[in-house]
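Chemist: Read top to bottom, the protein sequences are chains A and B.
Mapped onto this note's numbering, the consecutive letters of the first sequence carry residue numbers 339 to 798.
Mapped onto this note's numbering, the consecutive letters of the second sequence carry residue numbers 339 to 798.
To be clear, the hints were calculated from the coordinates, so they are not data collected in a lab.
Fair warning: there could be bad hints in the mix.
Because identical chains cannot be distinguished in the list, a pair is counted as satisfied if it fits within a single copy or across any two copies.
Mimicking EDC-like on lysine to aspartate or glutamate, the simulated pairs with C-alpha atoms at most 20 Å apart in a straight line are [claimed, not checked]:
{"#": "1", "residue 1": "Lys532", "residue 2": "Glu513"}
{"#": "2", "residue 1": "Lys480", "residue 2": "Glu434"}
{"#": "3", "residue 1": "Lys671", "residue 2": "Asp473"}
{"#": "4", "residue 1": "Lys540", "residue 2": "Asp464"}
{"#": "5", "residue 1": "Lys380", "residue 2": "Glu780"}
{"#": "6", "residue 1": "Lys480", "residue 2": "Asp397"}
{"#": "7", "residue 1": "Lys480", "residue 2": "Asp399"}
{"#": "8", "residue 1": "Lys540", "residue 2": "Glu503"}
{"#": "9", "residue 1": "Lys442", "residue 2": "Glu524"}
Every value quoted in this text rests on a predicted model; they were computed, and no experiment measured them.
There are 2 protein chains.
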Amino acid sequence: MQNHTQHTIVALATAAGVGAIAVIRLSGIDAIHIANKIFTSKNLENLPSHTLHFGTIKDGDLLIDEVLLALFIAPQSYTKENVVEISCHGSPYIIESIIKLCIKNGAQAAKPGEFTLRAFLNGSLDLSQAEAVADLIASGSKSSHQLALQQMRGGFSSELKNLREQLVYFASMIELELDFGEEDVEFANRAQLKKLILNISKVISRLIQSFEMGNVIKNGVPVAIVGKPNVGKSTLLNALLNEERAIVSEIAGTTRDTIEDEITLGGIRFRFIDTAGIRQTTDVIEAKGVERTFEKIKQASIVLYLLDPRETSEAELTQIVNDLQNSNSNNSKLLLIINKADDENVTTVSHTFTNASNFIYISARELINIAVLEQALIKAANINAINTDEVIVSNIRHLEALQKTETALNNVLYGIDNPITSDFLVTDIKQALYFIGEITGEITTDDLLETIFSKFCIGK
Amino acid sequence: MQNHTQHTIVALATAAGVGAIAVIRLSGIDAIHIANKIFTSKNLENLPSHTLHFGTIKDGDLLIDEVLLALFIAPQSYTKENVVEISCHGSPYIIESIIKLCIKNGAQAAKPGEFTLRAFLNGSLDLSQAEAVADLIASGSKSSHQLALQQMRGGFSSELKNLREQLVYFASMIELELDFGEEDVEFANRAQLKKLILNISKVISRLIQSFEMGNVIKNGVPVAIVGKPNVGKSTLLNALLNEERAIVSEIAGTTRDTIEDEITLGGIRFRFIDTAGIRQTTDVIEAKGVERTFEKIKQASIVLYLLDPRETSEAELTQIVNDLQNSNSNNSKLLLIINKADDENVTTVSHTFTNASNFIYISARELINIAVLEQALIKAANINAINTDEVIVSNIRHLEALQKTETALNNVLYGIDNPITSDFLVTDIKQALYFIGEITGEITTDDLLETIFSKFCIGK
C-alpha cells in the first residue's frame, strides 16, 4: 500500500451535480506544485498553511474559472500530505475541466476512499476511525450520527488500545520466561494474568453485546405493521412516512434522500419491514396472511398490531395477543393500535376490551393521535441517548474480530488453569492481540484495506 | 431591497446529496458572531481574513461535527460582507443540523440567489455580471462556459459603461443649455452628438445581432435529422448521443446530467429537435411526414438529410434538395448524408449522383464515419472560438433592453436632424440611458431583481 502515497490524487470532494460552489481536492507531495501550474494569480509555493487565495484557473491561455484555493501544508491536513482544495463554481462542466487539468498536470484520479486511506496510512486515524468517516457521512439520524462521531473521534480505539497494551505486556513477560527455558521462572504472575484476561473478556463481551443496539442504531429499528386486511395498515404507513417527508423538506436545498419506508423519530431511525406486502391493494388470503405475519414478527423489534374494534371481539383479541406472544421468539415489543378512532362507534366498542388502557387509539386516515403513536415507538425502541463514555459496536467486521478475540481469550484462560506450556499461552495471547489489532488497523492486509475503502465515496 | 443586508443568511453552497464534504455559507454582519457561538474550538473574533480553522461544531454539549471554517472579513468576500464557510462532512443529516443550528443562533435561511444579490447590492458585481454567475453554473459546453465567464468578468459591462458615460456627458451638456433657456446657446455640439449616437447605435446594433449566436451558444445549435422512413434516423441519433454519454462518464464522480438529445462537439452544444418523432418506431404517413419535415427545418440551424442511395434516384434527389432549399426561409445549413455505407452496393449507386463529393458517407449502424459527420456539424455551426475582445449577448432580457435602447437612439437621431427642442432631445437620451442602465443594474426595481435572482439556486 505504501506506493499509494507516491503520487498526487485529485477528486471532487462535494456531492455531484449542480451547486453554487464545488470543492475539488488535491492531496500528495505535488499538490501545491500542480495547483501552482494551473492557478495563475499568484505563486503558491512557500505560502503558509490554512490560508485562502482568490484567483483564476487557466488551461494555457484559456480561462476556466475564478476560484478560491485553500492551502494545507503537510502534515497539517486530513491526509497529513500537502492538500489543496479548489472552490470553483458548481458547474459540472467546470468541475470536469479542472479535474482534467489537474490530471494533465500530473495528478491521478483518486480511487474511492483514497484520501481517507492516506489519512490512515499516514497515522491521522486508525482503521476503526477511518471506517467511522464513511458511517458518519451515511448516517441519517441523530443516534447513528452520534455513534459514528464517537467512533471517528477514537472512543472505541482508545478502549481497545488500553486492553491491547496490557496484553502486550503479559505476552512479553511470558516470552521472557521462554528465553530462560529450563529454569522454571515465572515473570508473568498467573493470578494477575488471569485477572487481566477476565477483565478484558468482560469488556470484549460487553462490546459484543452492544452490537445489537449498535446495529439497530446504524440500520434502523425494524418495525412490522400487522393486522387483518383493510384495517388500514397502508394508510398508517403513509401517515407516518408523509410526516417524515414534510419535516425533511423543511429546509430548502438540503433535500435528504429519504429511504423508502424509513422514518426518524426522536433521533432514532425506524425501518418498516415488508411494506411491499402492505402496499399491495389485494391482501393475501387469510391463511397465508397469518403465516406471513409471524414471519414479519420474527424480523421485527417492534410490532404494530392494527385493529378495527368493530370487527374484533374480546375473545378474538385475547387469542391474537396470545398467538403473537407465543410466536415471538425474539421478544419484539407489541403495540396494539385501535384504528378508526374517527368513527364515533369505536370508543363504545373498545370499552369492552378489558385492557383498554394499553391500546393506542388512532385514526390513520384523519391523522388523529399519530404523534402519540410516534412517542410509543420511541419508547418501545428503548435506545438511550448515546453516552459518550460508553462504546457501542456497530460494524459487523468489528463484531467478528471481537468474537474471535473472545475465543482466543477463552483459550488463554484454559491455558492458565491447565498444565499447558508458556509457548502455547503466548500463541493464544498473540491470537487475541492479532484480532484486536485487526479492528484498529495495527494488523492489516491489502485485501482488508481494499475491502474497507472501496465502499467509500470518491473524494473522501 | 436595502433591508436584505440587515440580517445574516445561511445556506448550503455545494450540491445537495451525499458527498465527502459539504460547504455551508454564512454571510452578513453577524456571520462571524454566529459561527463563534457554534464553533467551540477557538474564538473567531478578530482573526485575519482568508484563514482556515479546524475544530468542532456543537449544539450546547452535543457534538455535531468536526469542521474546517473559512473566514472572510468584509469587504474581502464575495458579498463584501463578513462571510464564514463551514466545510463539514457531506452527510445530509449533518448539513441540516448545522443550518438549523445557525438559524437557531440568529441566521436566516437564504433565498435563491441571495448571496449574489448581496454581491450586486454591495457593488461586487453589476447586474449583468451577477446574471452571468447563474449562466456559468448552468453552462455545459466550452463555448457557453466561455461566454458566461466573459460576461461574469465584466466584458459586456465595460463596453456598455463606456457608451453610457459618453451619453451622460452629452445629456448633461444639453441640460445645461436648458438652464440658459432663452439664450440659444449650444454647449453640446450637434454634429459631435450625432457622430456619437451613430457610433453607439452601431455598437448596440452589433450587440443585438450577436444575440443570435449568443443564444445558439447558450441553448445549443438546433439540428434536425430528416429523411424517409426507415432510412436510419433513429440509429444515427443514438450513434451521436451514445458517443457523448461515453465521454461524459469518463471521470468517475463527475457524472454530468446529460440532457436528453443534446451533444457537445468541439465545445459547441448541439440540440436535436423533434427527436420524439424520430424515436417513434412507426413512422407517420408520408404526406404528414413531409409537412413535419418542413416544420422541423424552419426551427433548425442545421439539417441532416439522411438518404438511402439504393432508394433515391438522382431526379428524386434534385427534387428534394430544391424543395428543402425553397422551404428554407431561415437559411439553415443542409448536410446530405448517405447512410448504409457498410452496404457494398452503395458506392456504386452513389456514383450516379452528379455532386457526390458534397455528400457524407456514413453507416449509422456500423458507426462508420460518425467522426467525419461530427466535424461537418462543427463546421456548419460556424461558431468561432469566443474572442475575449468581442462581446456576445446571450440573455433575452439584455436583448430586449438593447432593442429599446436602439429605438431611443433612433429618436435622438431624429431629434438632431429635425427642429425639436433640447428638452425632448434630453428625454430621448435619458430613455436610452435608462435602458442601458437596466442591463448593468444602475436602474433596477425590486420586481426586476426578484425575477432575476429567484432563478438562481439556493446558496449562490
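Chemist: For each hint, tell me whether it holds in the structure or not.
Modeler: Hints, verified against the model:
1. Taking the closest pair of Cα atoms, lysine 532 and glutamate 513 come within 20 Å of each other only inside a single copy of the chain (17 Å); across copies the shortest separation is 103 Å, beyond that limit.
2. In this assembly of identical chains, lysine 480 and glutamate 434 lie within 20 Å of each other by CA distance solely across copies; the values are 11 Å between and 34 Å within a copy.
3. When the C-alpha separation of lysine 671 and aspartate 473 is checked against a cutoff of 20 Å, the pair qualifies neither within a copy, at 28 Å, nor between copies, at 55 Å.
4. For the identical chains of this complex, lysine 540 and aspartate 464 are neighbours neither inside a copy (23 Å) nor across copies (68 Å), given an alpha-carbon limit of 20 Å.
5. Taking the shortest Cα distances, lysine 380 and glutamate 780 never come within 20 Å of each other, neither inside one copy (42 Å) nor across copies (33 Å).
6. Taking identical chains as interchangeable, the C-alpha atoms of lysine 480 and aspartate 397 lie at most 20 Å apart only when they sit on different chains, with a minimum of 12 Å there against 44 Å within one chain.
7. In this homomeric assembly, lysine 480 and aspartate 399 come within 20 Å of each other (Cα to Cα) only across copies, at 14 Å, whereas the closest approach inside a single copy is 49 Å.
8. With identical chains, the CA atoms of lysine 540 and glutamate 503 are at most 20 Å apart within one copy only, with a shortest distance of 16 Å there and 83 Å across copies.
9. Proximity of lysine 442 to glutamate 524 under the C-alpha cut-off of 20 Å is found in neither arrangement, the shortest distances being 64 Å within a copy and 63 Å between copies.
Hints 3, 4, 5 and 9 from the list above are not met by this structure, while the remaining hints are.
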